[in-house]
Amino acid sequence: MKKILSLLFVLLLLCACTGNKPEEVEVVETPKTTETDFPFEDMLGYWVSMNDGEYLKIYKNDKGLYAFEEGDFNSFNTGEININSIEKLDDCMYYFEVSYPNMNGLIGDKNINIEELDFYYISVEDEKYVYCGPDEYQAKLASTHTVIGKFMDELNGIWNSDDDNNFISFGTNEIGEYLIAPGLYDSEGDGAFVIDSFKKLDGEVYEVWTHHLVNEEVVSFNIDKTNIPSGKLKVNGINYHFGGYGFDEAYEEYAARFH
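For the sequence shown, the residue numbers in this note's numbering are 29 to 287.
What the hints contain is simulated information worked out from the structure, not anything from laboratory work.
Don't take each hint at face value.
Think about it this way: if two alpha-carbon atoms lie no more than 20 Å apart in a straight line, the pair counts; the simulated PhoX-like pairs of lysine-lysine are [claimed, not checked]:
no.	residue 1	residue 2
1	LYS178	LYS253
2	LYS260	LYS228
3	LYS227	LYS168
4	LYS91	LYS116
5	LYS116	LYS168
6	LYS138	LYS88
7	LYS168	LYS156
8	LYS228	LYS178
9	LYS227	LYS178
10	LYS178	LYS138
11	LYS138	LYS156
12	LYS138	LYS116
13	LYS178	LYS262
14	LYS168	LYS178
15	LYS227	LYS253
16	LYS262	LYS227
17	LYS178	LYS260
Kindly generate the complete structure, drawing on both the sequences and the hints.
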């Protein structure tokens, strides 16, 4: 660009000296380089956030150029994100200037750290992402699992009813599925339900959809996490308090009140 501007300046000087009108010179913008040692080929596919299940997709567009896409598999995606330029900041950190064609060419930026790439992790804006492969369906499953896991963090363990022998347990099975298992102490339980999805209704109230682990019956639970910080939980209108992480511990808490 500096060379082009210098050339134009010289032409203007010549015009001033000769009085002749210069021929028009076409100014061509030099595109920003995207040549780098960033390992695109090792990273093609979906990367899912370990925080909230959103994804970053790295792929080649119709022009054969590397591009990004971001979204959450449910309510939004950015469409193609063009890479305008790349700058290597240190051994593992790269700075990207990007643009969003679907957002009127909005210019943005992105920082990607590949320090843990060999372990199938990267960091995007300091948020950790895990590699899920090129298949969208598998990546969506991983995203859903991550979101449910985040939802379950505060619930894991057994919650005892404030008023009777009801209890409800939250945990995982041997293959990592998240479960809800309601039951009655000193009686038989209802079995475990696998959590499929959930949505926020209002504040910290959620509708959680599940299917029975054995008979596939579909059941929804209304879970109010409003008073979780105080060790209180409401499920389907029943008030619970935290009983413990294991059955024996939770049963002792129940028995001390009712036996």
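Cross-check of the supplied hints:
no.: 1; hint: LYS178 - LYS253; verdict: 13 Å, holds
no.: 2; hint: LYS260 - LYS228; verdict: 18 Å, holds
no.: 3; hint: LYS227 - LYS168; verdict: 16 Å, holds
no.: 4; hint: LYS91 - LYS116; verdict: 24 Å, violated
no.: 5; hint: LYS116 - LYS168; verdict: 31 Å, violated
no.: 6; hint: LYS138 - LYS88; verdict: 18 Å, holds
no.: 7; hint: LYS168 - LYS156; verdict: 17 Å, holds
no.: 8; hint: LYS228 - LYS178; verdict: 14 Å, holds
no.: 9; hint: LYS227 - LYS178; verdict: 13 Å, holds
no.: 10; hint: LYS178 - LYS138; verdict: 25 Å, violated
no.: 11; hint: LYS138 - LYS156; verdict: 14 Å, holds
no.: 12; hint: LYS138 - LYS116; verdict: 12 Å, holds
no.: 13; hint: LYS178 - LYS262; verdict: 19 Å, holds
no.: 14; hint: LYS168 - LYS178; verdict: 15 Å, holds
no.: 15; hint: LYS227 - LYS253; verdict: 13 Å, holds
no.: 16; hint: LYS262 - LYS227; verdict: 16 Å, holds
no.: 17; hint: LYS178 - LYS260; verdict: 18 Å, holds
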